[in-house]
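Asks: Read off the chains here:
There are 2 protein chains.
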Amino acid sequence: MTFVSMLSSAWQRADSLLCVGLDPDPKRIPAGLRARPDPIFEFCRAIVDATADLVCAFKPQIAYFAAQGAEDQLEALITHIHARHPGIPVVLDAKRGDIGSTAEQYAREAFERFQADAVTLNPYLGQDSLEPYLQWTDRGVILLCRTSNPGGADLQSLEVAPGERLYERVARLACERWNPHGQTALVVGATVPQELAQVRRIVGDMPLLVPGIGAQGGDIDATVQAGRRADGRGMMVSSSRAILYAGDGDDFADAARQAALDTRDALRAAVRRSSGTSPRG
Amino acid sequence: MTFVSMLSSAWQRADSLLCVGLDPDPKRIPAGLRARPDPIFEFCRAIVDATADLVCAFKPQIAYFAAQGAEDQLEALITHIHARHPGIPVVLDAKRGDIGSTAEQYAREAFERFQADAVTLNPYLGQDSLEPYLQWTDRGVILLCRTSNPGGADLQSLEVAPGERLYERVARLACERWNPHGQTALVVGATVPQELAQVRRIVGDMPLLVPGIGAQGGDIDATVQAGRRADGRGMMVSSSRAILYAGDGDDFADAARQAALDTRDALRAAVRRSSGTSPRG
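Taken in sequence, the protein lines are chains C and A.
Each residue of the first sequence is one higher than the one before, counting from 1 in my numbering.
Each residue of the second sequence is one higher than the one before, counting from 1 in my numbering.
The shape of chain C in the complex, shown without the other chains (with noise of 0.2 Å):
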């Protein structure tokens, strides 16, 4: 099963573009899980068990893992979801980007090691650097395209054609060139929706993994309009830490849950509202 059709059948099974960003911040993990011997990966995996009904994909980011030299919890994590959810689609956050051979081995740390089934990548380096991971055909190549950060400016959006912009410059070369087997989707943020609808002009039905909604404020109105396919999905809505947070004491789990239910929700208004009709209609 690929990425795209494990995806596809995730938005369809769950109804839910929501993706549940795991970004376990150590200073944020709840007092009662710090004395544990693994405490990311406790933390990380009470938060999948009390949403994996509700989303389409788990993204966890290897930086809080690596930072604490904490790989094997990673590992642990995207085992217990492949295990015990199966069918919902892990995405490695980790913004690689290297040539030739290094390119392989961040490939192999991805898919091999870490079992994730798509990641996301850096494209300035161009082709080549994107090619050791689209030879994986079964897996995922999510790549940053336009991001919600105010820095996400000073290149993405300079113009490098008449009335082209280097974002869209990704968008385009994403689809013409750097998706020879239909694995290959873009980072665009839900901070500004015009350019968020100007990238799915762009992609066409390609999927979007779209953060920015939640604490970084993202309206979750103009992003689902401007960023949904036809069929009301084809987006992965990213939101970590308003969900991870949303409550510190032992209840984390439950408060997680009632946050990820009401994004769900309210992304599933949105999809309704967008379309007049529901996407399951």
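Among the hints, erroneous ones may be present.
Unchecked claim - Example chain C residues on the side facing chain A (calculated, C-beta under 8 Å, incomplete):
#, residue
1, Glu71
2, Arg108
3, Leu144
Source of the hints: derived by calculation from the structure; they are not laboratory data.
Just so you know, these numbers come straight off a predicted model, no measurement behind them.
Think of the CB as a built atom: it goes at the ideal place given N, C-alpha and C, for glycine as much as any other residue.
Starting from the known structure of chain C, arrange chain A on it as the hints suggest.
Replies: Then chain A, alone, in the frame of chain C:
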């Protein structure tokens, strides 16, 4: 002691522009080491000890360790370099690029966990993706500018303003906005000397990390002519495979030393030819 002052001292002490890249491909580690408990560490340590007096820096590539789940061997290697060869800066080649609290985690990975003196970063996400690293004012921040791979031109060579290409904009931003504490450097490949010369014109005396000689085929004379500062220094010219795999038997460390010596001497001679004087004169 800051990264830049450490590097300046190393240039002077070793009279060398050579940076040895530590890219330990498990398939190419000599058979005699493979049965050891920590073969990647043992291999790299032997290379480091055989070449330390010939280099201005070491550059371990984290992907090779990560793919094998061998981060502990990378930690041990950098600890060894600092303990046994103090004063030689360690550049962690990681090409990270992310925002906000995630970038803080990556900075911690590079500077706290691995104790790197500098780290390579990808500028695609712009200023706020760099700030968490710049706050470690004693460490170096080395930004991808123009890479030497074929796909490097896909985005980096696009014209973003009349007469200004994307990599030139990165060089200009690195000078004007992304170097508040004097710790910033750039990665510029050796394969197109005109572009290296153009970056040198833009950035003045900023240090440049220059991969692409050796296995990637850049010409040493043209590279040095294009990238050197007036004082004959200013470059870390990186070579990995041509040194690491100069031999494949039990004498691999001797072969690596000879290859490093030849490269150092070729760089010295190129500096001399390009300036008409010895860099020490």
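Asks: Determine for every hint whether it applies to the structure shown.
Replies: Quick rundown of the hints versus the structure:
1. Taking 8 Å as the C-beta contact cut-off toward chain A, the hint placing C/Glu71 at the interface holds, the least distance being around 6 Å.
2. Taking 8 Å as the C-beta cut-off, the interface hint given for C/Arg108 holds, the closest approach to chain A being about 4 Å.
3. The restraint placing C/Leu144 at the interface with chain A holds, with a minimum CB-CB distance near 6 Å, inside the 8 Å limit.
Figure legend: structure checked against the earlier numbered hints; every hint is met.
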